[in-house]
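Take the sequences, apply the hints, and build the full model.
Protein chains: 2
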Amino acid sequence: MTEHTTIPASGGLLSDRELHDIDAYWRAANYLTIGQIYLLDNPLLREPLRLKHVKPRLLGHWGTSPGLSFIYAHLNRVIRLRDANVIYICGPGHGGPAMVANTYLEGTYSELNPDIAMDEQGMRKLFRQFSFPGGIPSHAAPDVPGSIHEGGELGYSLSHAYGAAFDNPDLVVACVVGDGEAETGPLAAAWHSNKFLNPARDGAVLPILHLNGYKIANPTILARIPEEELRALFTGYGYEPLFVEGHEPAFMHERMASVLDDAFDRIQTIQHAARNGLAPTAPRPKWPMIVLRSPKGWTGPKEVDGLKTEGFWRSHQVPLSGLAENPAHLALLEEWLKSYRPEELFDAAGAPVAAIRATAPQATRRMSANPHANGGLLRRSVDLPGLHDHAVSLERPGAVKAESTRVMGSFLRDVMRLNEAAKNFRIVGPDETASNRLQDVFEVTERGWMEKILPEDVHLGRDGRVLEILSEHTCQGWLEGYLLTGRHGLFSCYEAFIHIVDSMFNQHAKWLDACREIPWRRPISSLNYLLSSHVWHQEHNGFSHQDPGFIDVALNKKADIVRVYLPPDANTLLCVTDHVLQTWNRINVIVAGKPPSWQWLSMDKAIVHCRAGIGIWDWASTDDGAEPDVVMACAGDVPTLETLAAVQILRQEVPDLRIRVVNVVDLMTLQPKEFHPHGLSDREFDALFTTDKPVIFAYHGYPWTIHRLTYRRTNHDNIHVRGYNEEGTTTTPFDMTVMNGLDRYHIVESVLQWVPRLGRVRIGLKQKMDSKLLEHRAYIRSHGQDMPEILDWKWGQGPDAAPKRPV
Amino acid sequence: MTEHTTIPASGGLLSDRELHDIDAYWRAANYLTIGQIYLLDNPLLREPLRLKHVKPRLLGHWGTSPGLSFIYAHLNRVIRLRDANVIYICGPGHGGPAMVANTYLEGTYSELNPDIAMDEQGMRKLFRQFSFPGGIPSHAAPDVPGSIHEGGELGYSLSHAYGAAFDNPDLVVACVVGDGEAETGPLAAAWHSNKFLNPARDGAVLPILHLNGYKIANPTILARIPEEELRALFTGYGYEPLFVEGHEPAFMHERMASVLDDAFDRIQTIQHAARNGLAPTAPRPKWPMIVLRSPKGWTGPKEVDGLKTEGFWRSHQVPLSGLAENPAHLALLEEWLKSYRPEELFDAAGAPVAAIRATAPQATRRMSANPHANGGLLRRSVDLPGLHDHAVSLERPGAVKAESTRVMGSFLRDVMRLNEAAKNFRIVGPDETASNRLQDVFEVTERGWMEKILPEDVHLGRDGRVLEILSEHTCQGWLEGYLLTGRHGLFSCYEAFIHIVDSMFNQHAKWLDACREIPWRRPISSLNYLLSSHVWHQEHNGFSHQDPGFIDVALNKKADIVRVYLPPDANTLLCVTDHVLQTWNRINVIVAGKPPSWQWLSMDKAIVHCRAGIGIWDWASTDDGAEPDVVMACAGDVPTLETLAAVQILRQEVPDLRIRVVNVVDLMTLQPKEFHPHGLSDREFDALFTTDKPVIFAYHGYPWTIHRLTYRRTNHDNIHVRGYNEEGTTTTPFDMTVMNGLDRYHIVESVLQWVPRLGRVRIGLKQKMDSKLLEHRAYIRSHGQDMPEILDWKWGQGPDAAPKRPV
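So the sequence lines, in the order shown, correspond to chains A and B. First residue of the first sequence? That's 1 in full-length UniProt numbering, and the numbers climb one at a time after it. First residue of the second sequence? That's 1 in full-length UniProt numbering, and the numbers climb one at a time after it.
Take these hints with a grain of salt, some might be off.
Stated by the list, open to error - For lysine-lysine, the following DSS-like pairs were computed, each having C-alpha atoms within a straight-line distance of at most 25 Å:
| # | chain 1 | residue 1 | chain 2 | residue 2 |
| --- | --- | --- | --- | --- |
| 1 | A | 452 | B | 452 |
| 2 | A | 452 | B | 302 |
| 3 | B | 452 | A | 308 |
As the list claims (entries may be wrong) - What the simulated footprint calls covered on chain A by chain B, stretch by stretch (three residues with Cβ under 8 Å from a Cβ of chain B suffice, anywhere in the stretch; the number is not a length):
| # | region |
| --- | --- |
| 4 | 134-141 |
| 5 | 450-456 |
| 6 | 532-543 |
Hints are computed from structural coordinates only; laboratory data are not their basis. We put the CB at the ideal spot given by N, CA and C, even for glycine.
Here it is in structure tokens:
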């Protein structure tokens, strides 16, 4: 391990005292890191280290930790000297013990966890709890103060960092990117986020690529490519790379201090120029980034059992193990711990000595206590426009058509406008804002863009609050970072391609779930998805664009976190949008279509319907409040249309059939109450779906999803679901429903199949439906488009409401 | 639109004749592309264009198409002149009509689809079928000859290209990367694939970044950054970028021909040096790549309705629309089509003129007929070692422990060895091969690596057949490309993080599904996943590493494509591995653990069990073949262990309880036969699970997955599932099961709850189980690890088989 001799006089930027203190801080952080990984007891080594002091299971990651603490120590220096406002994003989140160690040295950890005090007893608890049952996880999980990024799954640190920096002009987000993480796709794409960061309006991101050379059992790519390629790569990404390379502590302290000063100077220069009109139309600035090349497991054992350990992947997790079987390893551990000279670092009570405490900043300047990293502290509600101002007005169901997401776009335009001063609302998406028909927002803002702007460009500007990059990963990461720092937003995406971020969704859901247990974590705004251009509207792009399965990924996460909404028309979509923008600590998935579609509910009715999340549509039903012959349920805009068209056929053809139409907006209402807070009680469910009548359920996604939600319900055996069966290609919109058996004719056939008393009419109507289907097929094959729609909705007009002519 | 005057004499590399012919080919391809998007009839414009000749719905993407055809034409030239072996990967797969056009000009399309002949009638059909109901999709779907990449979801072209090039030393994979696609994470990561390509052993990838400047409604990042950054970026990625920029056809032909010659020369030089010992230990070569900057919608209408169209995003899809309402647009379309001078391109019969045909290569040198792009043509079975040679030998169930994946690793080592000469088997993974305990493969091969190798490096070499990069996307793309070109492989990954490739999985499943309908597509090897370090073994990394939901993503895809295996021990894992490596056109998901675990089945029994996929374990059951009191079902290694431990407790405590143990290896057996080819008939299912007895089902993943699979079964109402409920943190392995109620004690309690006749023993045993749980909790909180295991399996030893001492 590294010889921690007294640091020599530097003769450089740092005074001897500064050098000594910063090194002591770093040694203390390393000591506390190793302590967490190894020690159950004897935290200050005040007695000889024995096996009983060591944890029986050694868990955790040493390799990245000394580098993380080195960076932390030097950021502290810069913060102190400049009164800078900095948060720290730890890409290699498995360096959790290092992050905990630093927050403990800053005092924040003890403030938030009073039983882990800054004394020997507290240190014992600090060590013991780490990766211990009932204790804390090994990653930079939500219980680590100052963390907005757990880093368990790699790849998202840099997009989180940019998300945090947007609209936070005073903030510098220091983002440590591991060289393993740097190999991931999401991270590789996120470097280009600098094309969207406006130095006049946004804060700064300072990426620190930590090249410690190794992953679990392999070298990393970026650590092994030639230096000139590394430099070219980051120049190509648009940064000014600054290098800190070495392993000798005194030299490295000196160098890091100087490079960090340089980086912060450059940031200040860029921001000053942009904010003082010195470079208003200049091209995007070249922001600095730092490449820190230091040994993996730096200051750890150089060799273990004759094998290279420091500066190699053997340091990745626990460099010394098998202590029970190998007394030499126990001795080596003690020697290693003592190499940091704990007696110089902690006082008699076990608290860090004053000189070490003094190297950290104070109060909320501490990165572990910066309110931006506990965004709920800063979160203010978003101002919302009046729902009725945007409502589609309709005299009766089916009276008009509207483009649902277009209407939502006008609402979002006003959200943008109302919160323009607060600068706390953004829309992100992969170049699909207009394609998803939200283009009205461009009346009040633009797409953010820091590259060249040509005269012919449309809605492109430096101050745009819509962020579009063809990377769903980057969109998701930006929005997460933006929300985690206390702001609001929406991610608009094609339904099929939101699967690209399945795993990021999972991680964010787990983050939110873990936060519920941490009292000092304040609620953050929900992550809201609008999934449009959905499976039923991908008839033009074809099979590869058809996938409604994200809902199923979402349903696997904790009920408290996830909501799925399937508004059937524009007014219900508005209600849902208005609602989700007011919620916190959730992930809301809204699926809604964009083409002109029939509208069903007035705004007043939509509000009532959405509040319940599910309900009987009396105006479409023919059961007059009595027990129906059949329940026709629907969830999703296209299934609702096809169900209502089927109902219209049945009203015409089987006038005495008692039909009950149930529409589901909030999918979670279907689950039992004990499984989801929105779930109906069994009594409520039975009141809607009966206990014994056939239920023909037309659903937006995969049919089994409805079964998965309702298998405990009394009437489950009678629920027959139609949905997407992976039958699709490039065809017409109506043919998409036919291919999957979700169309009106198949729905009528389902009713014929399952309603027992229809014996007489069954054969004739079945033939009629079959011939309709043949007619459809012949028409689209010859015309290449759907037959003109001859539906004539007459709902809600008294006894004559049934349609007058055949459909 | 571009003035297609007679091409002037070039005075450069191309003779006048060559220039003329290549331009004619290109014009023909463009004409055919526009024809597909627009025309129902009058394909050669032999009468004035009228509205009735035009499709009613205009679908497709013009913007990228002329660039794709330009590249195609020039690759054809290089192939002809050098007799090169080239396939074409079309990243912007939505340029489908261009790809179809080129394959039609090469004659391949008509050979494979005889009713689309090379005459006027065939051309009419070619046009009509595109994006038309019953016709072909708008992307480069499987029905496009020469395509191994549909490109519907963007981001995977380059990893597919490298996958195709591995172990194909004579192949050059030309890979067109769209500048939109280049913004995605997976694509950004895939550039680094060059660090794994060995010029001596592998083929070459020639990336062609097509900068046409725009996505759907935005400029692209790479098209707008300064030229020096663009150059630095690709230098940094390790390439030698060659630029082709402009829009004037004659100039561009000349330039492209010359740059392509340069690129192919460079490839030859690199390969020659590597293969002739001229550069055996040299660093990775700088492979060439091409940046082609040409206008979006090149040669299309310059302006439409006064708005810039050529060279702008308005060209992205259909530049001229609303033809019915706007006669000027119809006239413009005719003018545009005629600008290519079709009368010079097609003869009286409607076939491409001889000069155009002659610019394309012949037979299998045509990129559309290259067998590598229909990999099943080249696929040879993989040689497999004997199962019994690798079997764990055990006298009776529970006699020994083994590390399942370690045993699998020894099998894979021999697969590597047996197929070393054939060079057709690879393992990919994100730096987890050893972590997942497959390290025995390193006895016969290494990790492939073309960067510097240090003396201390372990199992790292130029010829390694294990590919590790910390990018699940790149791993998946490589393997897909490798399989699609006729080879075999395995992707080993942590279970939780395979969600990262959910969307790629979906796309590959859709590709395979579509291939089933295309007779000339030969079967390719299945894509095999080993998911290890699974949810129940992530007690050390914690919550972020726990997610068994990939199975659910897989289940949503077509039954013919997907298989999910949950082998309970090493021998069953071997059987499953042996099986999946012999299958084709499937995606096989295997979930198996790595720590030392009890073994249950001898190899002979394992073979029988795996062949059935599900079965009663007589040796653990106590129903003696009669109707049981309870069925205890299990799927997955940890659930099987906990179920058997629960059975042991019950045998001890309730000796007369008739228990039937059912183990499920092949999850698909649970589905009804009509839903999945592996599904049990209802009779078979009822014979195993009874029609009315309680079933306590311990399952590896989310409990509702079992309900989703079995909701149609007779006895479904009595199936009670325990599984993962998103309750996890950093704790002990056994505590993971306790937190989720999957442990033996909770399983016993389930039996007590649901078996009616247990009245008397219920209370006492329930208390015993509760106190066991309390004991467990107290123990791990104080010791930090699980209690020593005191199980003593005595299965299968006659009447005394029940355990002798309490557990």
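Hints versus structure:
1. A:452 / B:452: The hint is violated at about 39 Å.
2. A:452 / B:302: 22 Å, holds
3. B:452 / A:308: It holds: about 18 Å lies between the C-alpha atoms, which stays within 25 Å.
4. 134-141: holds (count 7)
5. 450-456: That given contact holds, which follows from 4 residues of the region 450-456 of chain A lying within Cβ reach (below 8 Å) of chain B.
6. 532-543: holds (count 4)
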